[in-house]
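Enquirer: Put chain B on the given structure of chain A with help from the hints.
Protein chains in written order, with the numbering used here: chain A, 429 to 812; chain B, 27 to 245.
No lab work stands behind these hints, which were simulated from the structure alone.
Just so you know, these numbers come straight off a predicted model, no measurement behind them.
Mixed in with the good hints, there may be bad ones.
Said to hold, decoys possible - Going by beta-carbon spacing under 8 Å, a handful of chain B positions derived as facing chain A:
{"#": "1", "residue": "Y76"}
{"#": "2", "residue": "D97"}
{"#": "3", "residue": "Q101"}
{"#": "4", "residue": "D102"}
{"#": "5", "residue": "L106"}
{"#": "6", "residue": "L111"}
{"#": "7", "residue": "R115"}
{"#": "8", "residue": "I127"}
{"#": "9", "residue": "N130"}
{"#": "10", "residue": "S175"}
{"#": "11", "residue": "A177"}
{"#": "12", "residue": "R185"}
{"#": "13", "residue": "T186"}
{"#": "14", "residue": "R198"}
{"#": "15", "residue": "L199"}
{"#": "16", "residue": "T204"}
No residue lacks a Cβ here, since even glycine has one placed at the ideal position from N, Cα and C.
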Amino acid sequence: MDTGNDETENEARARGDDYLWDGSGEPDPEIQRLEDLLGKFRHDRPAPVFPEPNLPEIVPDRDSRDRDRRGTFFPQWMRSFPVLATTAAAVVTIAVVTFLVYGKKPATTIVAGWDVSRVAGSPRIGLRAIDWKEGARRFAIGQTLETDAQSRAHLEADDTGKIEVDPSTRLRLLTMAAGGLKRIALDRGTIHAYIWAPAGQFVVDTPSATTVDLGCAYTLQVDDSGAGLVRTSLGWVGFKLNGHEAFIPAGAACATRPKVGPGTPYFEDASSNFRAALARFDFEDTPQQRAADLATVLGEARKADALTLWHLLTRVDDEGQRVLVYDRLRELAPPPASVTKDGILRLDQPMLDRWWNELGFDDISVWRHWERTWAGEATPVQQK
Amino acid sequence: MASSSGDRVDPAAGLGLRPVRERFAAEVSEDARLVGDARAGDRAAFGRLYDRYARMVHGVLLAKVPVGDVDDLVQDVFLLALRRLSTLREPGSFGAWLAAIARNQANDYHRRSVPEDQLTDDASENESEFSNVSGDRPSGDRPSGDDSSSAVAILDAIRTLPDAYRETLILRLVEGMTGPEIAARTGLTHGSVRVNLHRGMQQLRAKLNPGDSPIEETQ
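Isolated chain A, as found in the complex (with noise of 0.2 Å):
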């Protein structure tokens, strides 16, 4: 982000947001009623008490130590009996299950995986059913998570994150690893995934793209033929099939069909002429149809929709097409000064990233790292 953001930060610096940025320079008086106003709301509470890890040991006090001598006649080693006693009965208990649990098998590893519960109907895990009475289940790598029209379920694993599995859903885990890739296939069906692990290790493959967390929230449906549908609501997420690539910020959705890949991604609120000439120029033009969706969808663009122009830099079908999305992205968001016309007619990458940095989403070369890292590993499975 630092690269793209150059211009408009010293554009900030130029139109002396100095008093926004660190309360230097010459203060802003709107700036200082809004600090007045809003300063009631700000933070003002001193640290709860964490809890301890062990509980701090209990001493008697002395009052207590007397009440005790007090209270008996029997003499000092008679007293020590009962406890010489539970402790033996402990001692003899610890090695009796020790020796039940550990005697028989070898020790117990902990499995990679997700820990899945109920949250309603019986979903299952292979064959095996959760029912109602059960806590968490592990969902190991290889196994598959089913729901049924009536079940949902919740899955967590601490240094990843959490997804709510809809009905009708079905997911199968292929990698689990620590500090790596983490990556389970939706065969069909609905997930919305709450994600912590670090950008760019949590990854849904489906059957027309692979899913890349770049952020933190998303819901990624698949229908029973393969289609899907990624709409981001924290974050952004990377949308990736056979080079075809695309980046969908929150707010937007983006449509993906199998052999096809990704569409290209849209604001939600953007018109409905504006969504509908843009699938079908994704998914069902003829080339001459392509061209007149193409004008559609230009000419109902937004600023915010330089989201979906900067896309179609690279899906339009030659260099004609790539000059009318060129120039219409630049009236709505002007490129950095380092971008230049040719360079982006010729699709150098590069230039590309830039303008997309400057566009304020998020910095490119997050995805670009995963690129280079796991694109590899994260290709597409086939629907079972």
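Expert: Frame of chain A; chain B shown alone:
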């Protein structure tokens, strides 16, 4: 734009994609030390982390959650972080990791309770909400009726901005953090924070003074 610009800097910072400015390098290493101590069971070290990051967490939550519920959620976020501290791989990225937990908690809050569109409560609801919150504060701190409703209206206006702008603006205008502090606490780059402040403030001015300047389209 409706994005959380730079929200996920945690990994990038961990991968060395975003160099931390020198002036905050000492703080990052101090964070790493405190995280290490807290992992070893030192609650005082975790308390220091709370002191450093509570305003950031409060601001992130306030961007999405009704005022009256924010303080409880701040505690939830820190308790969750304490429980999961052992899963944090880059102790120097504690801020970005904590911010992600706070955003998830805010998200969970809405899944559990209220529909998204109740976020921008109307002034009368916020009025009572605000009076509940200010009940814990010294009476001298309590705004007058007019100020209270203005503050609520401004907060509502900020909450209509895209995620990245609303969080950054709330951290600056409500929590009183400077841009460099926001960058250090959230793991965002200075450039991202400066741009978010600049663009967010532009959009907020347009919303608060619709007659004075042309309303910019939401990016």
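Enquirer: Hint by hint, note whether the structure agrees.
Expert: Hint check:
1. Satisfaction of the interface hint for B:Y76 is found here, the shortest Cβ-Cβ separation to chain A being roughly 4 Å, below the 8 Å cut-off.
2. Checking B:D97 against chain A: minimum C-beta separation of about 6 Å stays under 8 Å; hint holds.
3. Restraint check, B:Q101 versus chain A: the minimum CB separation of about 5 Å is within 8 Å; hint holds.
4. Here the hint on B:D102 is broken, as its CB sits about 11 Å from the closest CB of chain A, past 8 Å.
5. Nearest Cβ of chain A to the Cβ of B:L106: about 10 Å, over the 8 Å cut. The hint is violated.
6. This hint is violated: B:L111 has a C-beta 11 Å from the nearest C-beta of chain A, more than the 8 Å allowed.
7. For B:R115, the interface hint holds, the least distance from its beta-carbon to any beta-carbon of chain A being 6 Å, beneath 8 Å.
8. Against a cut-off of 8 Å between C-beta atoms, the interface hint on B:I127 holds, since the closest Cβ of chain A lies about 6 Å away.
9. At a threshold of 8 Å, the smallest CB-CB gap from B:N130 to chain A is about 5 Å, leaving the interface hint in force.
10. This hint is violated: B:S175 has a C-beta 10 Å from the nearest C-beta of chain A, more than the 8 Å allowed.
11. Interface hint status for B:A177: upheld, as the beta-carbon distance to the closest one in chain A is roughly 4 Å, under 8 Å.
12. Because the smallest distance between the Cβ of B:R185 and any Cβ of chain A comes to about 12 Å, over 8 Å, the interface hint for this residue is violated.
13. Contact between B:T186 and chain A, as hinted, is not supported at the beta carbon level, the nearest pair being about 13 Å apart and thus beyond 8 Å.
14. Interface hint status for B:R198: upheld, as the beta-carbon distance to the closest one in chain A is roughly 7 Å, under 8 Å.
15. A least Cβ separation of about 5 Å between B:L199 and chain A falls short of the 8 Å threshold, and the interface hint therefore holds.
16. Given hint, B:T204 at the interface with chain A, holds; its Cβ is 4 Å from that chain's nearest Cβ, closer than 8 Å.
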